[in-house]
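S.K.: Spelled out from the first residue to the last, the chains are:
Protein chains: 2
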Amino acid sequence: LFIPFIKFCINERSNGTKKSWDFMQTHDSVSVLIFNTTSHCFILVKQFRPAVYMSEWERSKLKPLQPAEEESAEPAPAEPKVPEEDKAGETSEGTSSHQPPASAGVTYELCAGLVDKPNLSLEEIARQEVLEECGYDVSVTKLRKITSFRSGVGVTGSKQTMFYAEVSDENHVGEGGGKPQEGELIEVVKVPLHEAMTFAFDESIPKTMGVIFSFIWFHSNMSPKYKISTNV
Amino acid sequence: LFIPFIKFCINERSNGTKKSWDFMQTHDSVSVLIFNTTSHCFILVKQFRPAVYMSEWERSKLKPLQPAEEESAEPAPAEPKVPEEDKAGETSEGTSSHQPPASAGVTYELCAGLVDKPNLSLEEIARQEVLEECGYDVSVTKLRKITSFRSGVGVTGSKQTMFYAEVSDENHVGEGGGKPQEGELIEVVKVPLHEAMTFAFDESIPKTMGVIFSFIWFHSNMSPKYKISTNV
Numbered sequence: 030l031f032i033p034f035i036k037f038c039i040n041e042r043s044n045g046t047k048k049s050w051d052f053m054q055t056h057d058s059v060s061v062l063i064f065n066t067t068s069h070c071f072i073l074v075k076q077f078r079p080a081v082y083m084s085e086w087e088r089s090k091l092k093p094l095q096p097a098e099e100e101s102a103e104p105a106p107a108e109p110k111v112p113e114e115d116k117a118g119e120t121s122e123g124t125s126s127h128q129p130p131a132s133a134g135v136t137y138e139l140c141a142g143l144v145d146k147p148n149l150s151l152e153e154i155a156r157q158e159v160l161e162e163c164g165y166d167v168s169v170t171k172l173r174k175i176t177s178f179r180s181g182v183g184v185t186g187s188k189q190t191m192f193y194a195e196v197s198d199e200n201h202v203g204e205g206g207g208k209p210q211e212g213e214l215i216e217v218v219k220v221p222l223h224e225a226m227t228f229a230f231d232e233s234i235p236k237t238m239g240v241i242f243s244f245i246w247f248h249s250n251m252s253p254k255y256k257i258s259t260n261v
Numbered sequence: 030l031f032i033p034f035i036k037f038c039i040n041e042r043s044n045g046t047k048k049s050w051d052f053m054q055t056h057d058s059v060s061v062l063i064f065n066t067t068s069h070c071f072i073l074v075k076q077f078r079p080a081v082y083m084s085e086w087e088r089s090k091l092k093p094l095q096p097a098e099e100e101s102a103e104p105a106p107a108e109p110k111v112p113e114e115d116k117a118g119e120t121s122e123g124t125s126s127h128q129p130p131a132s133a134g135v136t137y138e139l140c141a142g143l144v145d146k147p148n149l150s151l152e153e154i155a156r157q158e159v160l161e162e163c164g165y166d167v168s169v170t171k172l173r174k175i176t177s178f179r180s181g182v183g184v185t186g187s188k189q190t191m192f193y194a195e196v197s198d199e200n201h202v203g204e205g206g207g208k209p210q211e212g213e214l215i216e217v218v219k220v221p222l223h224e225a226m227t228f229a230f231d232e233s234i235p236k237t238m239g240v241i242f243s244f245i246w247f248h249s250n251m252s253p254k255y256k257i258s259t260n261v
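One line per chain: the protein sequences are U and A, in this order. Heads up: take any position in the first sequence, counting from 1, add 29, and you land on my numbering. Heads up: take any position in the second sequence, counting from 1, add 29, and you land on my numbering.
If you are wondering where the hints come from, they were derived from the structure by calculation, not from laboratory data. All values derive from a computational prediction rather than experimental measurement. Hints may contain errors.
25 Å max Cα-Cα, derived DSS-like pairs, lysine-lysine [said to hold, decoys possible]:
(1) A:Lys254 / A:Lys208
(2) U:Lys90 / A:Lys146
(3) A:Lys146 / U:Lys146
(4) U:Lys254 / U:Lys174
(5) U:Lys174 / U:Lys75
(6) U:Lys219 / U:Lys254
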């Protein structure tokens with residue numbers, strides 16, 4: 030799920046200025062919580078997001094001495110378990126105070142994609158994204174719908190349907206990584222089950238609400254089947 | 030949290046056309062899960078969202094015989110507990126097949142607001158929104174941070190911090206409803222605790238992921254204190 034997300038702005042004034050009522054038309058989307066039953070890991074994607082980077086850049090201009098470091102006064106609720114270099118919001122040596130490091134634009138997200146192929150079902154689109162982004166070949170029948178909701182109600186008003194997919198190492202048929210020719214720059218990341226809730230609520234790890242929601246959904250719905258740490 | 034959400038588009042070409050890399054700059058935001066301990070209800074806001082309405086309108090053009098009725102083949106996982114007239118995605122008698130009813134643009138959301146006052150803390154902004162939108166006067170010290178995350182990673186890249194606030198009928202000092210002069214059209218809605226999880230996973234009730242996530246967070250974190258139905 031990358032840049033083609035935005036199709037066009039409507040309600041633009043003829044002179045090119047924007048009204049305060051602008052909103053964007055987009056496609057609906059699917060997202061998938063992937064759980065590898067062989068390694069007992071969740072499979073996420075890690076992406077550089079230009080919009081997130083710009084947001085951090087704006088923040089760094091407001092706080093020139095502490096670029097992208099608004100969290101310092103608020104300790105994370107649990108001890109971080111991910112490598113330090115994976116954390117955004119840190120100043121790398123050698124970068125200017127007005128230029129956050131590229132890592133400041135990175136977020137951890139669920140595998141996701143746009144519903145832009147009218148002949149495919151939501152499940153078929155989800156299946157394609159799991160294969161393209163994460164390299165797992167999962168049958169459509171193995172996709173379980175978690176729920177659907179409105180995303181970006183102030184901007185796009187589109188609908189996202191979230192699925193859960195169990196995969197195994199046997200389904201791992203490729204490297205994933207998305208489609209570089211479409212501008213996707215995706216890294217596949219594994220989050221071990223026993224670290225999942227700590228990961229979810231560690232605010233120093235930049236992520237979407239979808240990651241947190243789906244992890245806590247798994248905890249509530251799959252805990253009889255898989256043991257998950259509850260140290261939050 | 031309404032229309033001023035969108036400030037301006039950047040990366041616009043000088044001739045007014047849009048690049049595929051467009052994104053929007055916005056303020057960070059706060060959202061608040063409000064629980065009334067007197068009536069054992071969650072307090073949500075119900076808003077007409079132009080972007081959601083336009084999304085449904087576009088959908089209705091794709092399916093002229095079944096406007097905004099994409100859910101028909103997918104029965105909701107639990108029996109709906111809200112009045113029928115509260116549901117979007119229905120065709121009202123007398124409306125054209127190309128004009129969904131206004132209810133199609135309505136969503137249930139957490140009380141929320143923009144972080145657009147540099148002198149106020151996140152908690153103080155959250156407190157103001159609870160008062161303005163929902164009419165409850167809650168002390169800043171009663172606000173508990175749930176977590177924070179990236180919202181709209183493809184478009185805005187801004188950060189949202191989610192709080193939990195317990196209120197009682199004694200804190201109810203006004204009607205709420207937001208600021209009509211700023212275009213806000215907000216109705217305060219109560220969701221009883223024992224219906225919360227059914228509400229959260231009833232896909233025929235249009236809502237944001239924040240509602241679902243915060244309800245399930247409450248279920249995971251507050252269930253020793255308050256009993257919540259788990260019929261999902």
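S.K.: So which of those numbered hints doesn't the model satisfy?
M.R.: Violated: hints 1, 3.
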